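**Student:** Next come the chains, spelled out residue by residue.
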Amino acid sequence: ETGVTQSPTHLIKTRGQQVTLRCSSQSGHNTVSWYQQALGQGPQFIFQYYREEENGRGNFPPRFSGLQFPNYSSELNVNALELDDSALYLCASSLEFSVGEQYFGPGTRLTVT
Amino acid sequence: GIQVEQSPPDLILQEGANSTLRCNFSDSVNNLQWFHQNPWGQLINLFYIPSGTKQNGRLSATTVATERYSLLYISSSQTTDSGVYFCAVEASSNTGKLIFGQGTTLQVKP
Numbered sequence: 016e017t018g019v020t021q022s023p024t025h026l027i028k029t030r031g032q033q034v035t036l037r038c039s040s041q042s043g044h045n046t047v048s049w050y051q052q053a054l055g056q057g058p059q060f061i062f063q064y065y066r067e068e069e070n071g072r073g074n075f076p077p078r079f080s081g082l083q084f085p086n087y088s089s090e091l092n093v094n095a096l097e098l099d100d101s102a103l104y105l106c107a108s109s110l111e112f113s114v115g116e117q118y119f120g121p122g123t124r125l126t127v128t
Numbered sequence: 105g106i107q108v109e110q111s112p113p114d115l116i117l118q119e120g121a122n123s124t125l126r127c128n129f130s131d132s133v134n135n136l137q138w139f140h141q142n143p144w145g146q147l148i149n150l151f152y153i154p155s156g157t158k159q160n161g162r163l164s165a166t167t168v169a170t171e172r173y174s175l176l177y178i179s180s181s182q183t184t185d186s187g188v189y190f191c192a193v194e195a196s197s198n199t200g201k202l203i204f205g206q207g208t209t210l211q212v213k214p
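Here the protein sequences line up with chains A and B, keeping their order. This note's numbering puts the last residue of the first sequence at 128; the count rises by one with no breaks. This note's numbering puts the last residue of the second sequence at 214; the count rises by one with no breaks.
Simulated from the structure, these hints should not be mistaken for lab results. One or more of the hints may lead you astray.
As the list claims (entries may be wrong) - Cross-link-like lysine to any residue pairs, in silico, SDA-like; alpha carbons within 20 Å at most:
{"hint": "1", "chain 1": "B", "residue 1": "Lys158", "chain 2": "A", "residue 2": "Gly115"}
{"hint": "2", "chain 1": "A", "residue 1": "Lys28", "chain 2": "A", "residue 2": "Glu90"}
{"hint": "3", "chain 1": "B", "residue 1": "Lys158", "chain 2": "A", "residue 2": "Tyr118"}
{"hint": "4", "chain 1": "B", "residue 1": "Lys158", "chain 2": "B", "residue 2": "Tyr177"}
{"hint": "5", "chain 1": "B", "residue 1": "Lys213", "chain 2": "B", "residue 2": "Asn122"}
{"hint": "6", "chain 1": "B", "residue 1": "Lys213", "chain 2": "B", "residue 2": "Ser180"}
{"hint": "7", "chain 1": "B", "residue 1": "Lys213", "chain 2": "B", "residue 2": "His140"}
{"hint": "8", "chain 1": "B", "residue 1": "Lys158", "chain 2": "A", "residue 2": "Glu116"}
{"hint": "9", "chain 1": "B", "residue 1": "Lys213", "chain 2": "B", "residue 2": "Leu163"}
Note that this is a predicted model, so its numbers are computed, not measured.
Generate the whole structure from the sequences, applying the supplied hints.
**Tutor:** Written as structure tokens, this is what we have:
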């Protein structure tokens, strides 16, 4: 059984640029959630995708957007990057929407300069 | 929305000591998970425990849903137990979304 994977591991971008982060869910899981973790804080929910549809969103502006593909992998896109977007971005998958545990990937560390 | 509070924020132990970490939450939950975040940022699942008691080796956890708290016990601590421990809950009113506490940073000294 393959766990949750994320790419890239690290990324450095300049303010104003756009970035795409990728996540492959654990085998058999159809729900993917994205979280942002700033330094010294707990992760904060960005949004969740269930069967290719957005299914809940946290308090993040529209420049944070996402996609889920038929194989349940997912992308997080952030436009017009700001310095405060520097964080660890975590992807989690679960077997079914709101059922059971969420399992996290290793994260992508984004630095915006 | 639901609030999650963890205590203590920081904990320093000598190797071999026992500890208890607490998580209080302000509303009814469908899901409660405990995680250990390693130095590279990976969140390791420790327990999925919306209610009841579970044990896994030196770690155990208890959630009393009616009183809105959960406890994580670490016995005979080892230096490899060091790191940040997070409690995260999914509110019954807002399913699918995990709300994290601020974490407890544990340092185990040899």
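**Student:** Confirm or reject each hint.
**Tutor:** A quick look at each hint next to the structure:
no., hint, verdict
1, B:Lys158 <-> A:Gly115, "holds, 15 Å"
2, A:Lys28 <-> A:Glu90, "holds, 17 Å"
3, B:Lys158 <-> A:Tyr118, "holds, 18 Å"
4, B:Lys158 <-> B:Tyr177, "holds, 10 Å"
5, B:Lys213 <-> B:Asn122, "holds, 13 Å"
6, B:Lys213 <-> B:Ser180, "holds, 12 Å"
7, B:Lys213 <-> B:His140, "holds, 17 Å"
8, B:Lys158 <-> A:Glu116, "holds, 15 Å"
9, B:Lys213 <-> B:Leu163, "holds, 18 Å"
Of the numbered hints listed earlier, not one is contradicted by the structure.
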